[in-house]
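Construct all of the structure, not just a fragment, from the sequences and the given hints.
One line per chain: the protein sequences are X and S, in this order. Adding 2 to a residue's 1-based position in the first sequence gives its number in the numbering used here. Residue numbers are given in the numbering used here: position 245 of the second sequence equals residue 241, and the series is strictly consecutive.
Simulated from the structure, these hints should not be mistaken for laboratory data. Just so we're clear, the structure is a prediction, and the values are computed from it rather than from any experiment. Careful, some of the hints might be misleading.
[Stated by the list, open to error] Where chain S lies over chain X, by a calculated footprint (3+ residues, C-beta under 8 Å):
(1) 43 to 54
(2) 116 to 122
(3) 220 to 227
(4) 249 to 258
Note that the Cβ used here is the ideal one computed from N, Cα and C, for glycine as well.
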Amino acid sequence: MFPRTARTVLGLTSVAVLAGACSLSGGDSGGSAGSDQQNPTVTLVTHDSFAAPQDVLDAFQRQSGITLKIVKSGDAGALTNKLVLTKGNPVGDVAYGVDNTFASRALGEDVFQPYTSPEADRGPQRYSVDPEHRLSAVDVGDVCVNVDTGYFASKGIPAPASYDDLADPKYKDLMVAESPATASPGLAFLLGTVAKYGESGWPDYWNRLKANGLKIDSGWEEAYTKDFSGSSGKGPRPIVVSYASSPAAELGQDGKPRTKALLDTCFRQVEYAGVLTGGKQQPQAQKVVDFLLSQQFQATVAANMYVYPARTGVELPAGWATAAPLPSAPGTMAADKIQAGREKWIGTWRSLMGA
Amino acid sequence: MALAHGGVRPARTAGLTLLGLLPVAFLVVFFAWPVVAIVGRGFSAGGVDTVLGDPQTWRLTGFTLASAAASTVVAVVAGLPVAFLLARVRLPGVGLARTIVLVPFVLPTVVVGLAFRALWPDGGVLPLVLANAFFNVAVVARTVSGLWAHLDPRATEAARALGASPWRAFRTVTLPALAPAVASAAAVVFLFCATSFGVVLILGGGNFRTLETEIYLRTVDLLDLSGAAALSLLQFAAVVAALALGAVARRRRENAVRLRSAQVTARCPQGGQWYVVGAAVAVLGLLLIPIFALLVESVSTADGWSFAGYRALSGTGANGALQVTGWVAAQNSLAAATDATLLAMAIGVIASVVLVALRRSPGRLAHGMGETMDAALMLPLGVSAVTVGFGYLVTLDALPGDLRTSPMLVPLAQALVIIPLVVRMILPVLRAIDERLRQAAATLGASPARVWREIDLPLAARSLVAAAGFGFVVALGEFGATSFLARPDAPTLPVAVATLIGRPGELNNQMAYAGCALLMLVTVVAVVLIDRFGSVGEF
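Written out as structure tokens, the structure reads:
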């Protein structure tokens, strides 16, 4: 009765079966590319924020003969945990993006091999977390409170400048921050307050923030693009927890930034790279670490990832000196202290804030 | 394809079992094994009982179930009038409605979360429930209308001729016939809502937590695998209970109904039916509010209206936020969704055919096998994407070629999500086919394959195309598993949008919303093409 339709659909179904099988076998053959020693493939595992100009990656490939395969894998925390889970048989040869809030976990689990890059003495060693040099610092970024300068100018009140100012009733109901349990800038801000007020003093500071009408969002996106007044969303609150580099992206038509970072409220995040234990391309993986610390790559990190190069003497994009200066004395904390306290502090924070 | 019917022979049962092994093998390798491996690690670490004994855990469970149930009710109530419109009404614009209702499904959760935040700045339970329902009206409308379009209207007409009011005729004749499709859709929606992640995070503001967000936090941020294992176990129990309830509801109601061509059943609405059409139009209007809000966002800047976001799609965003251009991301989406749909259709159709045959086979064993397989096929919707993703990391290196970093992982994971939808859309139609038609054909000497070709396929053709189209659209918008899985630098459009919205700067923000508009456009084009293709050869 309906032979034509029947044949068409039957045909389509068998095509589907075949195509499914083809795609699957295609995936099988993909994995063996790394064994080619003439033109080895090195897999770089990194976080979702990784970004680099293709021509710089291509240039590295031409110079070194190494084909770089990039695998993005969640944020710094997710990346670290994936590396820990797969430490017997890693998904790549080299990893980039484990930061100082998670470095101790990775080091404790022996995820990385010792390797001292010849490029490391050009600045990155300032941020060393490990005497064996299993991790090399690639970039530095600071989480700082940002303010909408236009809002304060129009109200005729000075913008806040310090942690204590944020708890001042003058700035009641004006601030939004991220939850340290769900967002990495939120965690960095919490760590900054622990560094500033100490193990016994920080809960009291947060009580003052809460009493002053602090709003908590679960992620940076809601806080910055919906609640903050200085970005595209034109939200109701002129104070937000973001990054020292964020103002560089908020330029008005006159080319001047509409926001500014409060340099006395910063906490430093350092991102590291290292050769993975058990990777199949150890010598080539070391070359990739050298590349990440090289002048060529370091010159790209500011414009592409909104972070500062770990190397010294690397030129920053125009405007960064005024719009996004690196704080001279940010809050810091040893990686092992963060590892020891992180979960306890988040737990205390949750019960404190009722979140 | 071996199709068993009354008086099945042992050889045929063997063939059926063999065919059934294919979907089962797929589920075992790409779902059960990874999940068991990762949950097993948590168990061996100990401490599971501590988490289960924590009253906080049970509050989480209660809130998860209650909010998912509320969203399901809203989605069903809103979806039924739309299903009526799509299935029974012949008016200009119905084709457009069929397309509009699918658009919410592909939007990235982070973007919809932000759109709802614009309406309810402080979040809360209400926007959370509504946002989850917003995504899922399409599931109800599409699943139910697939069956409704083929219901023989003469049964209702007979009831009306015997003096039943339109409402009574609907309640006593139409609704029981639709019950299997409604129950199927409700089960799928419930599973989607119970495991929704981004919406809960954004609209719950951290104050409302669910099993899914807690599993995610414990796995990804804390690496507390034993805590995650305990919560996964609870989630699993809840999902199995929901599936069992759905199965009971389906079985009580399921019976063969007369199926007719959709061309015959659609007509101009009369009398009280206009109220239903009005309700459907109202639902579509509400669905359009967040959609329009996104379009407005894509062209508004601090300095006035601008199409800069759309122009930026041909680039990689301000300061190279993306590795590829917006257009390339769109192509990646199309390619991955195509692979996933082909895979899911192959496995879903085979599974549906086997399920129907098992049900028609005599004997409790066959029935039991059918019920078990039916439920097992739904499980991927109810298990956390993060559990499956972390499970892949610890298992898939054992397969040849180390699939963990293969680009095939994205279509595989997407197929896992859409196979249950495909099965749920095809199965009610296949099951509703009158067994006597098939027996008559067999009596006249038709082989099982011929019975399938001459009877089942033509009646199910539209549902097959609809399922493929729906699956394709879901794969296009799939974000949870796609964003989570380790994959090379080939972002899909939803992943690119999420990346852009996570960067400061007005241009990136506008480009993210323009990316959503592009995603909607691709969806609309795909749906229109598929719907047209689907009706070309039909009847």
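The hints, checked one at a time:
1. Counting residues of the stretch 43 to 54 of chain X whose CB lies closer than 8 Å to any CB of chain S gives 6, so the stated coverage by that chain holds, three being the minimum.
2. With 0 residues having a Cβ less than 8 Å from any Cβ of chain S, the stretch 116 to 122 of chain X misses the three-residue criterion, and the hint is violated.
3. Check on the stretch 220 to 227 of chain X: 7 of its residues sit with their Cβ under 8 Å from a Cβ of chain S, so the three-residue criterion for coverage holds.
4. Here's how the stretch 249 to 258 of chain X fares: 4 of its residues keep a CB closer than 8 Å to some CB of chain S, so the rule of at least three is met and the hint holds.
The structure fails to meet hint 2 from the earlier list, while all remaining hints are met.
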